[in-house]
Amino acid sequence: MGRFLLKRLFFGAIVLFGVITITFLLTRVIPSDPAARWVGPRATRQQIAQARIELGLDRPVYVQYTRYVSDLLRGDLGRSLRSRQPITDELVGFLPATLELVLLSTFFAVFAGIPLGVLSAKSKDKPVDHICRFFSVGAVSLPTFWVGMFLQLLFYGGLGWLPLGSRVSFETAIFYNIPNITGFIVFDSLITGNFYIAADALKHIILPGITLALYPIGLVARMTRSALLEILGEDYIASARSYAVPEAKVLWLYALKNSLGPTSTVLTLSVGYTLVNTFLVEAIFNWPGIGMYISSAVVTMDYPAIMGVTIFSTCAYVVLNLIADIIVALDPRVRV
Amino acid sequence: MNKMIVSKIRPVLKSHTGQWKLSFHLLWRNSLTRASLVTVIILVLLAVFAPLLATFPDHAGTATNPSAGLLAPSGTYLFGTDEQGRDIFSRVLFGTRISLGAAVISVGLALLIGIPLGAYAGAVGGWRDEVIMRVTDIFLSFPPLLLSIAIAALIGPSLQNAMLAIALSWWPWYTRLIRSQAISVKERQFVRAAQAAGAKPGWVIMRHIVPNCIAPVIVQASMDIGGVILTIASLSFLGLGAQAPSPEWGLMINTSRNYLLSAWWYSIFPGVAIFIAVLAFNLLGDGIREILDPKTRKL
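Chains as they are written, first to last, in the working numbering: chain L, 1 to 336; chain C, 1 to 299.
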């Protein structure tokens, strides 16, 4: 196990190094001149030349590369073209809002996806199974951004039950002092006893949370179903049944417990998908997270910011992959 | 002599066509798969005949009709009109062309990169194989969609660039698949025979190895079409794909955000179109996977 971990960590580090190299190469093939973009459209030729030296673009490529890598190792993602602020600082500011959404949608994925998969496996090839399967294929076929707009239309425009967007309502933002400990508004206001703010924030997070959760719910339900079907055919399930163990106990305890390996792998990987899907959802719900950050960077062609988010999210994804591998290796039936 | 060869070949051919018939029969038997196959065929027909079927064919382009802006669905405008008075039904129809065409081209480009690389890696083995596969691993460790977004943002927003960006982030899947096939095919006797007869390595790869391991890759590629349609729509929605006045579905939804609460039809119809297209391709892919996998194949 120890050797496996070391090997896997080493491989993860190599992959990260490769990712950094590819992003560096990508930024080198941009047709436009980063120095010209840095000083703006009305700069003189001299100013551009000056910026070129300041940004180190006059140096040989390998020098630029080593500088790029050493900056990244220190956690420096460069400066945004738009705000001139360090991208790392900006990302840290936007991160809690995104994490709050990702956590909530993962919660939905577990507590809706797994039961859906169990239900589907329990009544295989019956109408319930068909509905569950159709739902899980449907959930991965829906354009996330459109689902968000549809829910807004329904729950804000039609029914008027839930707010259109943002993390808290305008009045709350003005009249209340929103506590900031972890950056998760719902959590922070709960532990400081501000139940009004908590309720308001909860109302605001439901729609974007559900929108983001649809994809992982579908994925988890599909995986749970197929893993469970395989296990329900095992001998030990048959023997448990022959001992007249209640069917519910067989299904939800004996079978489900052993099918959680593949499900948790899918779940960890789907967190990576969700992180990228926030790019599409946050813009719609006016949710101030890294998704909104990258979509405004796309509009203003802020290359360093786009590459910063890319590197950050890819690192997160690589780490999640690593965790998924370790979870699989923890299963004593898997020899590594 | 000639007859002998023919008689040897014929049973092979027969069993081959028989297999296709059987596969088609299995596909057709599952009602969900059958429905998705029919939907895919209809979508292709709609894309091909869009100019004939559209009620206002010129509304797919630069034509505007300001006096009829944001009208609700009616007999004249089946899906209503957008802010410039263009018929949304006609635009969605032409959007089928763009989405299907762009998806096929993106996957085709990815295959063009992926197949030669994978076949080469599998056929030569050794350190070249190692290098190619490690690069593949690195490309696969970017979250899906993110690499496409980054590349599209860097090379500039347009539909062509979006297709290129998708191809550049999608090829590793095909490289991996064809490599695993090529490794087993290269040990087969006809490959050995060609090598012994003095055929050049490039010739052996293109003439003997690729044709014999391409089938699963083509199947995989057809299953990916749904996902690629969704990716193109997502890129366009972010402003990184098709540009106005293109009737691309994702772009239409992006523009419709400004009129979400006043004109529901504007955002609903292009979204439903994306959903139907992606769902049909995904269900068809599921069906194909099920009959190809001996575990789930029920005769």
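Worth flagging that the hints you see were computed from the coordinates, not collected in a lab. Misleading hints may appear alongside valid ones.
Keeping only pairs whose Cα atoms sit at most 25 Å apart, straight-line, the calculated SDA-like set for lysine to any residue is [to be verified]:
{"#": "1", "chain 1": "L", "residue 1": "249", "chain 2": "L", "residue 2": "154"}
{"#": "2", "chain 1": "L", "residue 1": "124", "chain 2": "C", "residue 2": "128"}
{"#": "3", "chain 1": "L", "residue 1": "203", "chain 2": "L", "residue 2": "190"}
{"#": "4", "chain 1": "L", "residue 1": "124", "chain 2": "L", "residue 2": "242"}
{"#": "5", "chain 1": "L", "residue 1": "124", "chain 2": "C", "residue 2": "290"}
{"#": "6", "chain 1": "L", "residue 1": "7", "chain 2": "C", "residue 2": "128"}
Away from chain L, derived, C-beta distances all over 10 Å, residues of chain C [as the list claims (entries may be wrong)]:
{"#": "7", "residue": "137"}
{"#": "8", "residue": "184"}
{"#": "9", "residue": "193"}
{"#": "10", "residue": "260"}
{"#": "11", "residue": "264"}
{"#": "12", "residue": "267"}
Computed from a prediction, not measured in an experiment: that's the story for all the values here. By construction, the Cβ of each residue, glycine as well, lies at the ideal position given by its N, Cα and C atoms.
| task | Give me the numbers of the hints this structure contradicts, sorted from smallest to largest. | result | Failing hints, ascending: 1, 2, 7, 10, 11, 12.
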